[in-house]
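J.: All chains, please: the whole structure from these sequences, using the hints.
Now for the letters of each chain:
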Amino acid sequence: MSRTAAARSNLPHVTITLVNPGLCKTNLQGDAAGAMKVMMAITQFLIARSTEKGSRTLVAGVTAGPESNGEFMSDGKNQEVEPWIYTEAGKKIQTKVFDQTMKILEKREPGIGASVCL
Amino acid sequence: MAEQYDVKPESGKAARRFFRSQLFVTPPYPTRSFAGETVIVTGANSGLGFEAARHFYRLGCAKLIIAVRTISKGNSAKQNIVQSVPQRTDGGKVIQVWPLDLTDTKSTLAFASRVKSELGRLDHFVANAGITVGDKFTLVEGVESTIQVNVLSTLLLALSILPKLRDTKEQFPASDPHLAIVSSEVHRFTAFPERNESDLYAALNDKKTAKMGDRSVYLIRFRWEF
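Line by line, the protein sequences give chains A and B.
Residue numbering for the first sequence follows this note's numbering, beginning at 1 and increasing consecutively.
Residue numbering for the second sequence follows this note's numbering, beginning at 1 and increasing consecutively.
What the hints contain is simulated information worked out from the structure, not anything from laboratory work.
Careful: at least some of the hints might be erroneous.
To be verified - Just a few of them, taken from the derived set where beta-carbon distance is under 10 Å, the chain B residues facing chain A:
(1) 52
(2) 143
(3) 168
(4) 169
Claimed, not checked - Capping the alpha-carbon separation at 30 Å, the derived lysine-lysine pairs in DSSO-like fashion look like this:
(5) A:103 with A:91
(6) B:73 with A:53
(7) A:103 with B:136
(8) B:116 with B:63
Yeah, the Cβ is synthetic: ideal placement off N, Cα and C, and Gly gets one too.
T.: This is the structure in structure tokens:
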């Protein structure tokens with residue numbers, strides 16, 4: 001792991017961000033039905049951001065500085081993810097998710113891990 | 001039995017933060033120029049991707065790829081964007097509509113290939129395309145559809161084009177490449193019920209036990225050291 005970490009640190013820098021746009025007026029909730037649909041429509045009407053305002057967070061995600069690398073960003077600023085993710089259990093879950101996901105991705109595109117130095 | 005993890009989402013705090021943000025915070029209007037840069041936005045025929053694409057075009061990007069499932073919708077989006085930015089007259093050449101279907105691994109990999117072979121550079125990739133399905137459980141390629149689209153294909157594509165972003169930085173030192181994956185604070189409201197299973201994906205793809213409510217936007221967060 002440390003070998004690959006060192007190799008990664010010599011790579012040309014790309015900033016990777018996770019963007020939270022907030023609740024916006026979009027089609028994402030479009031597949032809800034019945035009472036759920038009505039509730040979502042009301043919630044959207046009352047507090048959802050316009051699509052354009054929500055999209056500003058996407059633009060912020062690609063103009064963020066290196067301090068945002070690997071960070072979750074809300075309202076265009078770095079924000080901590082849910083606290084349990086930082087606990088020992090959370091870290092173990094991350095590793096588990098990472099390993100099992102990469103196994104599937106390697107089947108779909110053999111060598112993908114190596115191509116990004118993972 | 002696999003190791004069991006005790007996880008407590010702080011839903012009350014998350015809910016208060018959510019409402020405060022929705023009611024009182026407006027992200028600032030983007031003004032930074034994208035002159036000379038190539039940008040890709042997936043799921044850009046409507047919603048957030050569409051509006052983000054409009055910003056990139058308005059801010060002078062050299063090339064803008066709108067990646068969509070349905071080309072005709074992408075073309076309508078392109079037309080709408082071009083008309084809304086009258087100070088530019090090069091929309092026809094600058095904006096390209098490329099097909100991308102994240103339910104399909106072949107389509108996902110073909111898109112990545114095209115990025116690598118057709119684009120001279122890639123400065124920013126916005127992985128915005130995603131789906132919600134309510135309670136509807138369907139399998140695509142043996143995987144539950146939201147996991148296929150929002151997690152597996154999104155990550156496959158992101159990792160596939162990451163080398164192109166790095167190459168761009170190497171060839172064009174002034175470039176500041178970014179990979180932005182659209183996620184959600186909704187992650188704060190789920191304890192990730194499948195976390196204790198030894199085989200996560202078997203659990204996620206099992207219709208009998210699937211808790212679709214936790215999947216409304218199931219973008220599992222990876223903290224990689226890049």
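J.: So, for every hint listed, does it hold in this structure?
T.: Against the structure, the hints come out as follows:
| no. | hint | verdict |
| --- | --- | --- |
| 1 | 52 | holds (4 Å) |
| 2 | 143 | holds (8 Å) |
| 3 | 168 | holds (8 Å) |
| 4 | 169 | holds (4 Å) |
| 5 | A:103 with A:91 | holds (18 Å) |
| 6 | B:73 with A:53 | holds (22 Å) |
| 7 | A:103 with B:136 | holds (26 Å) |
| 8 | B:116 with B:63 | holds (15 Å) |
Of the numbered hints stated above, none is contradicted by the structure.
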